[in-house]
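Colleague: Listed below are the residues making up each chain.
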Amino acid sequence: MSVSRRRFLEGLGLGAAGGLVTSEAAAGSTKHFAGHPGRLGLLHDTTLCVGCRSCEFACAKVNDHPLPAAPVGDQHVFEKKRRITPDLFTVVNRYRARQGTTPAVYRKQQCMHCNEPCCASVCLVRAFTKTPEGPILYNPDVCIGCRYCVMACPYYALSYEYDDPVTPRVMRCTMCYPRIKEGKAPGCAEACPTGAIQFGKREDLIKVARERIRKQPDRYLDHVFGEHEFGGTSWLVLAGIPFHELDLHEGVTHTSLPEIGTSFLSVVPLVITLYPGLLAGIYAFTKRREKLSQQERQAAVAAALEQAAADTKEKLAAAAARAAKDKEKAVAAAVKKAKAEAEKAAKEAAQKEADR
Amino acid sequence: MSESATSERKLATPFNVIAGIILAGGAAILALRFVKGLRATTNLTHDYPWGLWIGFDVMSGVALAAGGFVISSAVYLFGMKEYKPIVRPAILTGFLGYFLVVVGLFVDLGRPWRLPYPFVVQAGPTSALFEVALCVALYLTVLFIESTPAALEWLGWRRARRVVGGLTIALTIFGLLLSTLHQSSLGALFTITPTKLHPLWYSSYLPVHFFVSAVAAGLSMVIVESMISHRVFKEQVEISHEQLDRLTLGLAKAGSVVLAIYFAIKVMALMLDDNWHLLATAWGAWYLVELLGFVLLPCILYAAGYRERRVGLVRTTGVITVLGVVLNRFNVSFIAFNYSLPAEARYVPHWMEIWVTVALVTSGVVAFRWIAGRMPILFEHPDWKGQH
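Order-wise, the sequence lines are chains A and B. In terms of my numbering, the first sequence is residues 61 to 416. In terms of my numbering, the second sequence is residues 313 to 700.
Treat the hints loosely; a few may be bogus.
As the list claims (entries may be wrong) - In silico BS3-like cross-links for lysine-lysine, where the CA-CA straight-line distance does not exceed 27 Å:
hint: 1; chain 1: A; residue 1: 267; chain 2: A; residue 2: 91
hint: 2; chain 1: A; residue 1: 404; chain 2: A; residue 2: 389
hint: 3; chain 1: A; residue 1: 347; chain 2: B; residue 2: 508
hint: 4; chain 1: A; residue 1: 399; chain 2: A; residue 2: 412
hint: 5; chain 1: B; residue 1: 565; chain 2: B; residue 2: 322
hint: 6; chain 1: B; residue 1: 393; chain 2: A; residue 2: 347
hint: 7; chain 1: A; residue 1: 140; chain 2: B; residue 2: 508
hint: 8; chain 1: B; residue 1: 393; chain 2: A; residue 2: 351
hint: 9; chain 1: A; residue 1: 347; chain 2: B; residue 2: 565
hint: 10; chain 1: A; residue 1: 140; chain 2: A; residue 2: 121
hint: 11; chain 1: A; residue 1: 141; chain 2: B; residue 2: 697
hint: 12; chain 1: B; residue 1: 697; chain 2: A; residue 2: 351
hint: 13; chain 1: B; residue 1: 396; chain 2: A; residue 2: 347
hint: 14; chain 1: A; residue 1: 351; chain 2: B; residue 2: 396
hint: 15; chain 1: A; residue 1: 389; chain 2: A; residue 2: 399
As the list claims (entries may be wrong) - Anything over 10 Å on all C-beta distances counts as not near chain B; from chain A, calculated:
hint: 16; residue: 128
hint: 17; residue: 301
hint: 18; residue: 381
hint: 19; residue: 416
To be verified - Derived DEER-like restraints, expressed as beta-carbon distance ranges:
hint: 20; chain 1: A; residue 1: 127; chain 2: B; residue 2: 597; range: 45 to 55 Å
hint: 21; chain 1: A; residue 1: 197; chain 2: B; residue 2: 425; range: 17 to 27 Å
hint: 22; chain 1: A; residue 1: 288; chain 2: B; residue 2: 585; range: 14 to 24 Å
The hints are simulated quantities; they were obtained by calculation from the structure and are not laboratory data. Using N, Cα and C, we set each Cβ at its ideal position, and we do this for glycine too.
Build out the structure end to end from the sequences listed, making use of the hints.
Modeller: If you want it as structure tokens, here you go:
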């Protein structure tokens with residue numbers, strides 16, 4: 061879970077790349093860390109929220125942001141859905157307009173301070189830290205501005221200072237970490253006039269939420285959003301209407317997104333260790349095949365040459381034999397001729413003798 | 313190419329004038345971006361923190377530059393020596409491509425001067441982006457060394473050239489390893505956003521999709537690049553048209569096989585996630601445009617082009633495949649991303665973003681032209697004939 065991941069995040073040097081990450085993860089996979097005990101959280105009960113936006117004002121004051129232009133209680137502001145921006149860390153949106161006696165439904169949006177935060181997992185300089193108290197902190201001093209965290213956040217809770225050319229930062233709710241450290245409640249929780257926002261230990265808030273559901277089953281859906289969704293969040297939400305209507309994920313896995321998103325890392329050490337040998341092997345095989353085929357070719361050429369040489373020898377021998385025969389014949393013929401001539405001469409001589 | 317021959321060329325050619333205008337405009341926009349910030353030059357929002365500069369310059373750029381590792385592995389590791397004449401242009405394209413990826417990233421980062429921070433200040437190795445950054449940095453170095461032989465031969469530095477020549481196999485293996493890792497990690501960037509990326513494009517096998525499609529993109533880019541460079545540098549190309557046609561057909565065969573594999577794993581993803589019903593939606597129609605029009609169609613066309621020995625068809629298919637991979641990267645990084653957000657929140661690139669991207673591509677073409685016009689890229693240096 062979050063902190064085991066955090067620990068191996070911190071323990072890693074540069075050269076480790078993927079390799080150590082997964083070995084650590086694999087080593088820790090049989091253990092389960094449920095998060096720091098006693099960490100803090102907030103509960104937003106949307107059935108109690110009246111959309112007054114006092115929380116937005118309190119948030120702006122705490123964070124030294126310009127106060128929202130639309131005054132408290134202004135209904136026009138809800139005509140368009142708003143989102144978190146660099147100077148609006150929390151925003152209340154209306155999801156169901158008032159219908160007859162059914163009141164409108166509002167949901168406050170801000171960083172959910174996940175148990176296993178995507179922003180921390182995807183940051184390549186580890187600019188995000190999940191504190192033992194619960195809030196996630198961001199360190200602008202190492203941020204390179206890749207905005208992968210803004211991409212990855214499933215709650216659209218992060219924003220970026222696109223206007224700043226020199227020191228742009230990722231901007232989001234800090235759960236009022238400085239105030240928490242002083243023992244105070246976050247600005248929004250303190251400002252909420254209806255008690256829709258409650259601050260406390262996360263485990264206590266879950267009990268509170270369950271108790272409310274038990275007492276008023278008609279008022280609430282039997283679900284505490286943020287208890288388990290994607291590994292759980294510090295902010296918990298209660299609602300009387302389906303959560304998907306409030307732009308919250310419904311029926312999603314309890315596995316954290318970082319766990320889903322980094323599972324591929326297990327392949328990295330395999331590639332690093334298997335590839336060089338495998339590829340060198342393929343190269344060696346190719347080379348060897350080449351060499352063998354070359355040897356075969358050479359052998360074939362040698363054999364062909366030998367064959368050719370033998371053939372020539374044979375032919376030569378045959379030719380020589382033929383020549384010898386011819387010669388013999390010629391000699392024989394010559395001898396015969398000479399003999400005949402001699403005979404003829406002898407005959408002629410005998411004739412001459414007889415004539416005489 | 314001799315120096316005198318190039319300096320005799322007129323400077324005010326139509327190509328140079330147009331390229332000059334594009335680059336000057338790009339420089340002006342970049343000045344504005346670094347003085348006024350990203351807001352002044354981009355349409356990026358808090359919902360869409362990654363736009364064209366990531367979607368094209370980085371995501372597509374890396375995929376399109378895959379030709380370098382594909383061809384060098386084929387020639388040096390798998391013994392397909394007949395492709396040697398296209399190794400150098402492929403590696404040069406790869407090097408310039410990756411260089412421009414880093415330039416594009418530099419432009420897009422909020423604080424680009426902190427680019428080395430993940431390596432020297434604080435590393436976040438659980439991030440897929442960390443792996444991408446590390447591999448791209450290393451691979452850019454590998455590509456640089458791999459492309460130095462041409463420069464060293466040109467300069468006549470014989471000893472250095474011999475040393476680099478001895479590294480070829482090791483560099484090729486390292487390059488293939490790094491490419492496998494970061495091409496896939498670019499896909500892995502989105503495995504953490506299952507709620508934001510449309511399920512038709514989201515898959516836990518995204519890393520595999522990205523890697524295989526990058527191989528197809530790399531092969532296709534080599535087909536397109538060799539077609540253009542063999543036309544532009546007619547006089548110095550050593551291999552004949554017939555030989556290039558033969559190589560192009562061979563690449564088409566490989567492209568067809570790779571696209572068939574890609575098509576198969578895309579269909580497998582549909583099966584594994586049981587997303588068939590989504591094909592009947594508007595997003596499904598758009599998905600089918602990509603899958604059928606830019607994966608299956610080029611796969612068939614490559615095969616047909618190879619069988620019928622129609623080089624022209626193969627080259628057209630190369631362009632289709634390249635466009636298809638770019639379309640896929642656009643879909644993943646911003647078109648099908650945030651699919652559940654209302655229409656008015658959609659991201660459409662600012663004209664200045666498009667201009668900068670066009671300027672980056674232009675600078676790559678200009679650099680390729682400059683280098684190929686001087687160094688032994690498309691021909692073998694007479695002193696080093698036959699020994700790569």
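Colleague: The structure should be examined with respect to each hint, and the outcome stated for every one.
Modeller: Hint check results:
no. : hint                      : in the structure
1   : A/267 - A/91              : 26 Å, holds
2   : A/404 - A/389             : 22 Å, holds
3   : A/347 - B/508             : 48 Å, violated
4   : A/399 - A/412             : 19 Å, holds
5   : B/565 - B/322             : 41 Å, violated
6   : B/393 - A/347             : 12 Å, holds
7   : A/140 - B/508             : 21 Å, holds
8   : B/393 - A/351             : 14 Å, holds
9   : A/347 - B/565             : 24 Å, holds
10  : A/140 - A/121             : 23 Å, holds
11  : A/141 - B/697             : 68 Å, violated
12  : B/697 - A/351             : 21 Å, holds
13  : B/396 - A/347             : 16 Å, holds
14  : A/351 - B/396             : 19 Å, holds
15  : A/389 - A/399             : 15 Å, holds
16  : 128                       : 17 Å, holds
17  : 301                       : 18 Å, holds
18  : 381                       : 49 Å, holds
19  : 416                       : 95 Å, holds
20  : A/127 - B/597: 45 to 55 Å : 46 Å, holds
21  : A/197 - B/425: 17 to 27 Å : 23 Å, holds
22  : A/288 - B/585: 14 to 24 Å : 22 Å, holds
Going through the hint list in order, the structure does not satisfy hints 3, 5 and 11.
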